[in-house]
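Chemist: This is what each chain is made of:
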Amino acid sequence: MIEILDKDHLARSITRIATEVVERNAGAKNLAIVGIRTRGVPLAERLANEIETLEGIRPPVGTIDITLYRDDFKEITSSPDVGGSNLLFGVEGKDIVLVDDVLFTGRTVRSAIEAIIDYGRPNTIQLVVIVDRGHRELPICADYLGKKVSLKDNEYVEVHISEIDGEDRVVKVTRK
Amino acid sequence: MKEHLLGLEGYTGDEILEILELSKTFRQVLDRDVKRLPTLKGITVANLFFEPSTRTRMSFELAEKRLSADVINFSASTSSVKKGENLRDTVDNIGAMKVDMTVIRHGAVGSAQFIAKHCKTVVINAGDGAHEHPTQALLDFYTIREHFPDFKGLKVCIVGDALHSRVIRSNVFGLKALGADVTLCAPSTLLPMGVESWGVKVNCDIEEAIRGANVVNIMRLQLERQTAGYIPSLREYGIVWGINSELVDLMDKDHIIMHPGPMNRGVEITQDVADAPESVILPQVTNGVAVRMAILYLLAPRSGDIHE
Numbered sequence: 001m002i003e004i005l006d007k008d009h010l011a012r013s014i015t016r017i018a019t020e021v022v023e024r025n026a027g028a029k030n031l032a033i034v035g036i037r038t039r040g041v042p043l044a045e046r047l048a049n050e051i052e053t054l055e056g057i058r059p060p061v062g063t064i065d066i067t068l069y070r071d072d073f074k075e076i077t078s079s080p081d082v083g084g085s086n087l088l089f090g091v092e093g094k095d096i097v098l099v100d101d102v103l104f105t106g107r108t109v110r111s112a113i114e115a116i117i118d119y120g121r122p123n124t125i126q127l128v129v130i131v132d133r134g135h136r137e138l139p140i141c142a143d144y145l146g147k148k149v150s151l152k153d154n155e156y157v158e159v160h161i162s163e164i165d166g167e168d169r170v171v172k173v174t175r176k
Numbered sequence: 001m002k003e004h005l006l007g008l009e010g011y012t013g014d015e016i017l018e019i020l021e022l023s024k025t026f027r028q029v030l031d032r033d034v035k036r037l038p039t040l041k042g043i044t045v046a047n048l049f050f051e052p053s054t055r056t057r058m059s060f061e062l063a064e065k066r067l068s069a070d071v072i073n074f075s076a077s078t079s080s081v082k083k084g085e086n087l088r089d090t091v092d093n094i095g096a097m098k099v100d101m102t103v104i105r106h107g108a109v110g111s112a113q114f115i116a117k118h119c120k121t122v123v124i125n126a127g128d129g130a131h132e133h134p135t136q137a138l139l140d141f142y143t144i145r146e147h148f149p150d151f152k153g154l155k156v157c158i159v160g161d162a163l164h165s166r167v168i169r170s171n172v173f174g175l176k177a178l179g180a181d182v183t184l185c186a187p188s189t190l191l192p193m194g195v196e197s198w199g200v201k202v203n204c205d206i207e208e209a210i211r212g213a214n215v216v217n218i219m220r221l222q223l224e225r226q227t228a229g230y231i232p233s234l235r236e237y238g239i240v241w242g243i244n245s246e247l248v249d250l251m252d253k254d255h256i257i258m259h260p261g262p263m264n265r266g267v268e269i270t271q272d273v274a275d276a277p278e279s280v281i282l283p284q285v286t287n288g289v290a291v292r293m294a295i296l297y298l299l300a301p302r303s304g305d306i307h308e
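As they're listed, the protein sequences go chains A and B. Heads up, the first sequence is in my numbering, so the first residue is 1 and it goes up one at a time. Heads up, the second sequence is in my numbering, so the first residue is 1 and it goes up one at a time.
For reference, chain A alone in the conformation it holds in the complex:
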């Protein structure tokens, strides 16, 4: 297990991304943050907190569960938990900042985009990820990025978030 980002580095990455988000969107007035279950959810909350510190406005935060939007339903052997989505604000006309921990094949992000559009027509959807590990299967890229790493096929990135895993840390693991 090799460390990619430590606790402080992860925190600084989120602070920097918050700055980039408000710069590109000229403030926070029209923003809404959406975390992809599971680890995108606490990350979305943290990003919203940072944006509030910068701009004095806390954008609304929602969560999205992509289970029902997966393109591999028949390949899943058992029925996985469906966490449900929670987008209480209207997405119509908003600038949606979609947050996930790792960008890999791009299929999760594709599903999330489809799910958001079923709630309405946002002005833009922008993507935040903590780690981009490459090996994309769809034409999707991050607008805001913590760190890009190059990995072999049997290497994986794990983002540990204190709310879920008890620590803030990003590591590389090798699986057989």
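If you're looking for bench data, these hints aren't it; they were derived computationally from the structure. Don't take every hint at face value.
Said to hold, decoys possible - Derived EDC-like pairs (lysine to aspartate or glutamate); straight-line CA-CA distance at most 20 Å:
#1 A:Lys176 with A:Glu3
#2 B:Lys41 with A:Asp71
#3 B:Lys41 with A:Glu50
As the list claims (entries may be wrong) - Now the stretches of chain B that chain A is said to cover, found in silico as 3 or more residues with beta-carbon under 8 Å:
#4 13 to 27
#5 32 to 41
Backbone N, C-alpha and C define an ideal beta-carbon position, used for all residues, glycine too.
Following the hints, complete the assembly by docking chain B onto the known chain A.
Modeler: Chain B alone, transformed into the frame defined by chain A:
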């Protein structure tokens, strides 16, 4: 979740609660502008209705379409059943067209079980004779839970033809598993032999049965029961067993009124009770679509299940 949904007999309270919890997600989808999910893209569902049905059939069909499944419909009146084909051959032939799931309503007890045993398809029972109608009971429980989050000790009074009603049987099995306090009320001619063994209270006195209840679930009286001699007349049934506002006044202050439809207004339920603010008869119909979406989602074949 089991491989098929044939009935609620044998289900535990936790298994039922799991289905109800999942149904919430689908219920939210019904409140969106786009009431559609791509989840069952590529799955084909056949709705086989050997008995007339409007509500259940439309509810299943909507649930299937809202999950993006492909749907084919079959009704006995216009089919080869009229030409003498037996049930197994009918289902096998439909299965040969690579159908993944079958929703079946049939007048014979055990027909859903029979199909599940003999044909290669996932089976959802939409009513088999006087046996079970599990999705109706599940949508009843979902609706109850919107008002009363805890089933333990909840007083539920079920009024109507327990002898012929599959809705009552499925309700009784499920409510017992959930720990509700169930009282069954019907004229003694419409109580089945051995009803004592169902493990719920039975009381032929409607005033006693309904007193203090949180939920009254009123069953449709099949009009042909009169000609069969089970009740003297519809008018008398309405006077003695029909739920009116005086009877509702005997219920707990916190109560809801349910009916699986279609209603005979003025027979088993009076106008004012059917349209009372406590009536959740239309929410039952809405929730039915969500609950059926959850069932379809849970049972849809994954790889390695039925078709390779």
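Chemist: State for each hint whether it applies.
Modeler: Here's how the hints hold up against the structure:
1. A:Lys176 with A:Glu3: With a Cα-Cα distance of about 19 Å, the restraint between lysine 176 of chain A and glutamate 3 of chain A holds, given a limit of 20 Å.
2. B:Lys41 with A:Asp71: 9 Å, holds
3. B:Lys41 with A:Glu50: 40 Å, violated
4. 13 to 27: holds (count 3)
5. 32 to 41: holds (count 9)
Consistency with the previously given hints fails for number 3 only.
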